[in-house]
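Chains as they are written, first to last, in the working numbering: chain A, 1 to 144; chain B, 145 to 221.
Fair warning: there could be bad hints in the mix.
Over 10 Å on every C-beta distance to chain B, these chain A residues come out as not near it, computed from the model [to be verified]:
1. A42
2. E67
3. R99
With a straight-line cut-off of 25 Å between C-alpha atoms, the simulated SDA-like cross-links for lysine to any residue are [unchecked claim]:
4. B/K175 with A/P61
5. B/K175 with A/M78
6. B/K175 with A/T120
7. B/K175 with A/P103
8. B/K175 with A/P132
9. B/K151 with A/C127
10. B/K175 with A/S130
11. B/K175 with A/D76
12. B/K175 with B/V187
13. B/K175 with A/H30
14. B/K175 with A/C127
15. B/K175 with A/L71
16. B/K175 with A/T31
17. B/K175 with A/P136
18. B/K175 with A/Q126
19. B/K175 with A/R70
20. B/K151 with A/T120
21. B/K175 with B/Q154
22. B/K175 with A/R56
23. B/K175 with A/E100
24. B/K175 with A/N38
25. B/K175 with A/E72
To be clear, the hints were calculated from the coordinates, so they are not data collected in a lab.
Ideal placement from N, C-alpha and C gives every residue a C-beta, glycine not left out.
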Amino acid sequence: MASTIDPTPEAQPRSASYAFPAGIPAFETHTRFRLVENPAFAPIVLLESELDPAVRFACAPVALIVENYRLELSEDEMELLGRPADPASLLVLAILTFREGRPPTANLLAPVVLNPATATGVQSVQCGASWPVMYPLREETSCS
Amino acid sequence: MLVIRRKEGQAIRIGDSIRIEVLESSPNRVKLGITAPPDVRVVREEVLLAEAQNRQSAAPPTETILRWASELRPPVR
Numbered sequence: 001m002a003s004t005i006d007p008t009p010e011a012q013p014r015s016a017s018y019a020f021p022a023g024i025p026a027f028e029t030h031t032r033f034r035l036v037e038n039p040a041f042a043p044i045v046l047l048e049s050e051l052d053p054a055v056r057f058a059c060a061p062v063a064l065i066v067e068n069y070r071l072e073l074s075e076d077e078m079e080l081l082g083r084p085a086d087p088a089s090l091l092v093l094a095i096l097t098f099r100e101g102r103p104p105t106a107n108l109l110a111p112v113v114l115n116p117a118t119a120t121g122v123q124s125v126q127c128g129a130s131w132p133v134m135y136p137l138r139e140e141t142s143c144s
Numbered sequence: 145m146l147v148i149r150r151k152e153g154q155a156i157r158i159g160d161s162i163r164i165e166v167l168e169s170s171p172n173r174v175k176l177g178i179t180a181p182p183d184v185r186v187v188r189e190e191v192l193l194a195e196a197q198n199r200q201s202a203a204p205p206t207e208t209i210l211r212w213a214s215e216l217r218p219p220v221r
């Protein structure tokens, strides 16, 4: 029987497993997440818990949301990420929140930082910075 | 809100078992030393905000992601 194979690899969802040694806030027992890049969702990517795939987060690159985002990593976070030699190699993602009837928001206070070289990740709470936890991706429309 | 002025080296106590000491202060930042029983959780407020937001953000519906993905895509020139 003939089968149809899509020859374009970019059309297929890709996924990679990342260790989150400290879990993430409120989900500390979830220490492994799978980064799922599905072309249908681009530029949104999914971060799915390997412990419970129902625990998943929609994320978007921070650079797509705001310019001049400044990320500060603590010594502990740098250690967890395997001390990346090149900070530009890190993936910095904002978790998105969807609420009925409102534009989605991005969590810029606590971005997810992934190091593809070591397959490790942390959610880095930017204590002391003024980035909002709910940054609107689009202006809310108001009635005139 | 109770407001108390303290200098470096001075402390306040909350109840019988929690002590908060001002270790260092500068115009922009204060370094605190906190002594509390192990069952009292001491965290920065931003961590609690991140926890609450993560609980809200977990498990978004696939249809919602698909809809917003197309809106976030940069326009093709």
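Right, here's what the structure says about each hint:
1. Some Cβ of chain B comes within 10 Å of the Cβ of A/A42; the nearest lies about 6 Å off, and the non-interface call is violated.
2. Chain B leaves A/E67 outside its interface by the beta-carbon criterion, the shortest separation being 14 Å against a cut-off of 10 Å.
3. With a cut of 10 Å on Cβ distances, A/R99 falls inside the contact zone with chain B, its closest approach being about 8 Å.
4. Pair hint B/K175 plus A/P61 does not hold up; C-alpha atoms about 33 Å apart against a cutoff of 25 Å.
5. With a CA separation close to 22 Å, the supplied pair B/K175 and A/M78 stays within the 25 Å bound.
6. A hinted pair counts as satisfied when its Cα atoms are at most 25 Å apart, and B/K175 with A/T120 does not qualify at roughly 30 Å.
7. Of the pairs offered as hints, the one joining B/K175 and A/P103 is violated, with about 38 Å between alpha carbons and a cut-off of 25 Å exceeded.
8. Between B/K175 and A/P132 the CA atoms are separated by roughly 23 Å; this keeps the pair inside 25 Å, and the hint holds.
9. For a cut-off of 25 Å, the pair hint linking B/K151 to A/C127 stands: about 23 Å separates their Cα positions.
10. For the given pair, B/K175 sits about 18 Å from A/S130 by alpha-carbon distance, which is consistent with the 25 Å threshold.
11. For the given pair, B/K175 sits about 19 Å from A/D76 by alpha-carbon distance, which is consistent with the 25 Å threshold.
12. For the hint linking B/K175 to B/V187, the alpha-carbon distance of about 14 Å falls within 25 Å, and the restraint holds.
13. A C-alpha spacing of about 31 Å is found between B/K175 and A/H30, which places the hinted pair above 25 Å, so the restraint is violated.
14. A distance of roughly 13 Å separates the Cα atoms of B/K175 and A/C127; the hinted pair therefore holds under the 25 Å criterion.
15. The suggested pairing of B/K175 with A/L71 holds, with an alpha-carbon distance near 21 Å, which does not exceed 25 Å.
16. Taking the CA atoms of B/K175 and A/T31, the gap is near 31 Å; set against the 25 Å cutoff, the hint is violated.
17. Annotation: proposed proximity of B/K175 to A/P136 is violated, straight-line Cα distance about 32 Å (limit 25 Å).
18. At roughly 17 Å between alpha-carbon atoms, B/K175 and A/Q126 fall within 25 Å of each other, so this suggested pair holds.
19. At roughly 23 Å between alpha-carbon atoms, B/K175 and A/R70 fall within 25 Å of each other, so this suggested pair holds.
20. Proximity of B/K151 to A/T120 is assessed by CA-CA distance (about 42 Å); at most 25 Å being required, the pair is judged violated.
21. Distance restraint check for B/K175 and B/Q154: the Cα-Cα separation of roughly 12 Å lies within the 25 Å cut-off, and the hinted pair is therefore satisfied.
22. At most 25 Å may separate the alpha-carbon atoms for a hinted pair to count; B/K175 and A/R56 exceed this at roughly 36 Å.
23. Distance hint between B/K175 and A/E100 is unfulfilled; the C-alpha atoms sit about 41 Å from each other, more than 25 Å.
24. In summary, the hint linking B/K175 to A/N38 is not supported, as the alpha carbons are separated by about 45 Å, beyond the 25 Å threshold.
25. Only pairs whose Cα atoms come within 25 Å are accepted, and B/K175 paired with A/E72 is accepted, the gap being roughly 18 Å.
When the structure is compared with the earlier hints, violations turn up for hints 1, 3, 4, 6, 7, 13, 16, 17, 20, 22, 23 and 24 and for no others.
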